[in-house]
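Trainee: Here is what each chain is made of, one letter per residue.
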Amino acid sequence: MNTDTRPLTLNEDRLFPPEPTQRAIARRLYAQVAHLPIISPHGHTDPSWFAGNAPFPNATELLLVPDHYVFRMLYSQGIDLDALGIPRADGSRTDVDPREAWRLFASNFHLFRGTPSSLWLNHVFHDVFGLRVRLDAATADQYYDTITIALQTPEFRPRALFERFNIEVIATTESPLDPLQHHAAIRDSGWSGRVITAYRPDSVIDPEHEQFADALHHFGELTGEDVHDWDGYLRAHRQRRAFFASMGATSSDHGHPSCATADLPPAEARALFERIVRGRFSAADAEAFRGQMLTEMAAMSLDDGLVMQIHPGCFRNHNHGLFERFGRDKGADIPLHTDYVHALKPLLDRFGNAPGFRLILFTLDESTYARELAPLAGHYPCLFLGPAWWFHDAPEGMWRFREQTLSSAGFYNTVGFNDDTRAFLSIPARHDVARRVDCAFLAKLVAEHRLDEDAAVEVAVDLAYRLPKEAYNL
Amino acid sequence: MNTDTRPLTLNEDRLFPPEPTQRAIARRLYAQVAHLPIISPHGHTDPSWFAGNAPFPNATELLLVPDHYVFRMLYSQGIDLDALGIPRADGSRTDVDPREAWRLFASNFHLFRGTPSSLWLNHVFHDVFGLRVRLDAATADQYYDTITIALQTPEFRPRALFERFNIEVIATTESPLDPLQHHAAIRDSGWSGRVITAYRPDSVIDPEHEQFADALHHFGELTGEDVHDWDGYLRAHRQRRAFFASMGATSSDHGHPSCATADLPPAEARALFERIVRGRFSAADAEAFRGQMLTEMAAMSLDDGLVMQIHPGCFRNHNHGLFERFGRDKGADIPLHTDYVHALKPLLDRFGNAPGFRLILFTLDESTYARELAPLAGHYPCLFLGPAWWFHDAPEGMWRFREQTLSSAGFYNTVGFNDDTRAFLSIPARHDVARRVDCAFLAKLVAEHRLDEDAAVEVAVDLAYRLPKEAYNL
Amino acid sequence: MNTDTRPLTLNEDRLFPPEPTQRAIARRLYAQVAHLPIISPHGHTDPSWFAGNAPFPNATELLLVPDHYVFRMLYSQGIDLDALGIPRADGSRTDVDPREAWRLFASNFHLFRGTPSSLWLNHVFHDVFGLRVRLDAATADQYYDTITIALQTPEFRPRALFERFNIEVIATTESPLDPLQHHAAIRDSGWSGRVITAYRPDSVIDPEHEQFADALHHFGELTGEDVHDWDGYLRAHRQRRAFFASMGATSSDHGHPSCATADLPPAEARALFERIVRGRFSAADAEAFRGQMLTEMAAMSLDDGLVMQIHPGCFRNHNHGLFERFGRDKGADIPLHTDYVHALKPLLDRFGNAPGFRLILFTLDESTYARELAPLAGHYPCLFLGPAWWFHDAPEGMWRFREQTLSSAGFYNTVGFNDDTRAFLSIPARHDVARRVDCAFLAKLVAEHRLDEDAAVEVAVDLAYRLPKEAYNL
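Residue numbers (full-length UniProt numbering), protein chains in the order written: chain A, 1 to 474; chain B, 1 to 474; chain C, 1 to 474.
None of these hints come from the bench; they were simulated from the model. All the pointers check out, no bait thrown in.
Partial pick of chain C residues on the chain B-facing surface, computed with a CB cut under 7 angstroms:
no., residue
1, ARG14
2, GLY78
3, ARG113
4, PRO335
Don't be surprised by glycine CBs; every beta carbon is placed ideally from N, CA and C.
Starting from the given sequences, assemble the full structure and let the hints guide the process.
Mentor: Laid out in structure tokens, this is it:
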């Protein structure tokens with residue numbers, strides 16, 4: 001498409017309002033938060049990177065293969081995942097040269113114009129790798145070589161990058177079945193980086209998960225509990241939550257198709273569980289069980305202090321053919337219309353006013369921001385709003401989040417930013433985007449004389465640093 | 001949080017676009033509407049204030065206790081309503097010093113940064129009470145004393161404030177069971193202030209209202225009709241509507257959980273009513289009955305000329321535990337996904353093209369603005385759109401209302417602003433915000449060369465003054 | 001309302017951001033696309049205009065009577081359609097003087113302030129007819145005479161306007177029952193204008209269409225197939241699609257109440273069809289049959305290469321009384337809440353990854369942009385997003401479309417602009433609005449340093465010209 005070499009710049013005013021008054025205010029606010037340490041309370045980096053501290057292999061393996069934001073866009077324009085070196089569901093890979101895959105990506109980089117991926121990637125190219133020409137077909141090899149060579153140097157090992165990125169704490173996400181040996185290795189290594197885990201029990205809670213039966217079996221072996229008995233099953237969760245907490249976890253996370261909760265009488269809950277473990281359950285049973293388990297998790301939160309997160313509203317693996325070939329998490333998860341008002345009522349009727357309980361809600365259905373989520377969070381003491389998430393973590397999505405939640409929830413029922421990423425190198429870029437957008441948003445309020453600038457500085461710092469620490473007990 | 005005394009200012013350009021061209025236009029437009037009298041066709045002020053003209057007791061009783069926008073935000077951050085002096089459901093109150101409650105509010109005033117409550121309150125503090133330092137822990141007592149002392153002076157009595165606020169007409173909202181003695185007292189007092197009522201029959205229409213049976217009994221006593229008979233029940237409504245109209249009412253108002261309407265054959269409507277009054281009805285019956293009554297109210301509107309308003313889509317008293325302790329209207333009402341297209345069809349099939357019929361629709365589900373409400377109002381002669389309401393009456397909500405309704409409904413199928421408040425002192429602030437936002441919105445259209453400035457002036461005046469008078473027959 | 005003569009201007013910077021930096025960028029981008037030929041791949045102009053090239057009769061018949069955007073707004077303010085000369089359902093018309101109808105329109109032209117109709121009409125008045133005063137009661141006759149006299153001159157014949165408008169290709173929309181004689185006449189005339197058709201089979205697919213039985217009968221006669229047999233019915237579609245393609249069609253278009261698709265086993269599809277043709281079907285059957293036919297149309301697309309379009313989510317003819325009097329398409333179509341994620345799954349499971357298949361999706365439910373449509377189009381290779389459509393084709397709607405689809409779908413899974421209009425004279429105005437809004441949107445990205453200006457120029461040209469040509473195989 002464009003074969004001339006064109007300069008890559010990273011303007012220091014990027015994402016600030018072009019109007020000079022607001023831009024000047026945004027700059028002043030941003031100066032107060034730009035260099036604050038990164039708090040990353042929710043994400044999907046791989047703890048083995050920090051445990052082993054091995055070098056990343058090459059540009060393609062680091063930046064293209066693990067990033068479903070990137071390869072789904074390429075796929076949407078007819079580029080086959082095999083040609084990009086994405087592993088098949090059975091673990092096999094086509095024999096594709098990573099440099100060829102990179103060239104294919106580079107020659108289609110115009111597809112990302114205006115997207116958050118382009119913001120993040122250009123930030124990484126410019127600031128992490130020092131590149132000063134834009135990525136396209138003509139510069140593909142220069143990029144591939146520059147990045148791949150750098151990765152072999154000590155400065156680009158995971159721990160060195162962690163320190164360079166000024167990360168104060170990062171949470172990974174693990175299944176209850178995970179032995180957390182990498183977290184143990186990090187702790188035992190003497191390295192000062194703070195890498196904690198989070199309790200994500202979907203695979204042992206969702207009866208419709210394809211690995212549920214196996215996962216449940218493993219859950220029993222690991223805990224020594226009879227997890228096919230309702231009381232034993234709940235005890236196993238308590239045990240693993242305690243273990244996760246001992247490894248630094250301060251939160252649990254629940255990625256359900258809906259936000260449905262349930263609070264069944266004990267006998268009904270037990271009977272439901274028995275249908276589930278015998279494999280004789282309806283779709284409604286599965287939904288009810290997931291809902292019941294959210295309330296059970298809330299009950300455990302009150303005891304062990306883990307902050308609860310719900311990430312609902314996604315139709316996972318929507319593309320059947322692609323799922324058969326390539327498995328989960330290949331960019332084919334599609335958001336759904338999501339209800340919170342009725343869905344959360346059972347859980348809130350039980351714990352909505354419980355002192356110390358904290359439940360952070362996320363959404364992929366923006367129509368709920370002003371209608372449901374902000375009014376709920378602006379009333380219930382336990383509820384807080386997670387940031388604009390996943391498909392909505394672009395500057396526009398972050399801006400809509402603030403515009404639609406501010407009036408009913410204010411700033412102080414929100415919890416700052418989550419990067420929620422497995423793309424480690426993009427973490428500074430993502431936090432920088434969030435800080436810039438919040439400063440731009442605050443600058444508008446100041447310029448419209450709705451907020452004094454000294455107060456806006458306090459809010460900016462709160463959003464960038466204080467609120468995520470408080471909300472996640474970090 | 002912030003304990004230094006910081007200046008409180010009320011910039012004359014607040015809420016105007018920071019960009020100079022638009023700001024200059026907005027100023028010129030606003031100059032034409034800033035001093036127009038206030039038309040307040042829908043609200044919840046207490047007519048006894050204007051009948052008795054007694055002084056308001058103190059800052060806490062005036063500004064904190066009755067304002068569920070304010071105390072719900074404090075509650076959302078874990079502050080108990082008892083500590084704020086909010087009355088319990090049984091009428092009891094904890095023995096809290098109002099000054100202590102005020103201090104608690106003041107020391108948490110940062111929670112309101114960026115919210116409409118802070119806009120309104122700061123306007124009241126600055127313009128009504130002449131305060132020039134910001135409210136926080138350090139200034140709490142200064143505020144409490146300044147306000148409480150002022151309230152004992154003649155200039156702060158309700159009628160004096162009404163006149164100072166340049167209110168041309170204000171509507172309160174009463175149940176059919178209300179004897180309207182305060183309205184009669186105002187009328188008989190010789191005072192020139194125009195305070196009218198509005199007919200809000202929810203408690204005698206909604207079979208699921210906890211007071212329905214008692215209210216119905218009272219309704220029969222008051223009217224002398226056999227309200228347990230369908231014809232008598234309808235006659236009772238006609239009688240009370242006529243009485244309300246004689247006391248100045250020009251509108252009825254209906255706050256239903258959904259916008260469902262029904263138009264049953266007479267025999268079915270009668271049979272439904274019989275199930276309702278015998279207390280043997282399903283949830284579907286209750287919904288059908290509310291829907292049928294909207295159509296009956298429309299039929300009466302055609303006869304008596306009361307303008308009809310529907311405020312649908314709220315899950316009332318969502319917090320069960322709080323409802324038990326503190327009763328209704330404690331900030332726990334949460335908006336719902338709302339349908340209008342199917343819901344209104346029965347009523348519109350009957351009266352949608354009836355000359356002279358006027359039905360003003362409100363929403364708490366902004367996803368309906370562009371999809372349903374603006375196309376409906378941009379077609380049906382009877383339909384008009386009420387302003388951004390309740391959770392959406394912040395500047396952002398007002399802006400979204402205009403952006404999403406303009407193209408299909410224009411300006412002239414909307415009815416100007418409603419303050420819809422029981423916070424009497426905030427009324428000038430609320431109308432000022434609405435006028436400023438409309439002027440800012442119009443300034444953008446002018447600056448983008450989509451509307452001539454002379455036409456924008458006409459629209460600004462229409463929105464601030466002419467349209468609400470026309471729409472509500474005032 | 002306003003009776004003074006006021007100047008009509010068409011500012012060259014209209015719709016550009018008022019802030020100078022962005023405005024300057026927008027100007028530079030627009031300069032690259034302002035004069036590109038018009039690609040109009042989807043619309044409702046009448047091919048007989050170009051076949052016969054007869055003059056349009058007068059201002060009212062040209063600009064008022066066929067434009068339901070215009071007369072629905074007048075109707076919404078209580079102006080009867082009879083008084084505007086709109087034909088009744090039975091074909092009769094009241095004996096209204098077209099000049100009187102025009103005066104009524106003119107004296108209510110303030111209703112359109114801020115709407116897209118006012119943008120388009122003022123553009124037509126200014127640029128096509130050279131008018132320099134605004135339309136209102138005082139200038140109504142001047143307008144009527146100027147326009148009506150111009151229409152009698154050769155320069156205002158349809159073909160001359162087509163050439164003056166710089167239309168490279170325009171698609172009309174026809175039923176399978178249409179003999180396409182006007183398209184044949186255009187082809188045979190030797191005139192160089194490219195006017196193609198599109199296959200719109202709703203009337204022979206939707207069992208709930210009031211003309212379905214007759215249409216099906218006619219479909220059989222026209223094709224010589226036994227269309228009451230499932231195989232014959234499908235062959236008839238294939239035959240007509242081939243004929244349409246031979247007359248230039250490159251697309252089919254499907255205007256269904258929902259986006260539901262189905263992929264039934266052959267025996268079930270056959271049985272369903274038999275219930276349909278015998279007229280013994282439920283509403284669920286009708287919905288299933290429409291859904292099945294979308295999948296059948298997709299299957300035929302893979303064979304004959306016609307690009308498929310779905311325009312779902314409208315409650316047609318919502319105003320029962322008006323439908324009885326005036327028939328279809330009288331401004332009473334109201335959008336509906338629309339689901340895509342579940343609805344499209346059957347079709348996508350079958351053809352979602354099929355090379356070469358192209359399906360363009362439209363919506364009237366903006367809540368689906370960020371939640372469903374952009375994530376779907378940003379993943380599936382076959383899916384593309386049609387532009388902001390119908391009630392959403394105002395500048396605000398176009399802006400929201402870009403803001404809400406950019407992050408997940410980028411620019412390159414969208415297909416540029418469709419005017420979708422029967423208002424021929426407004427076509428340049430509509431494309432101009434779309435180009436200006438896209439340039440304004442891109443200017444913001446450039447000014448916020450998210451996109452380099454040279455890349456923005458490429459995107460602007462792609463959106464205005466290249467993408468619609470590619471997407472529709474033109």
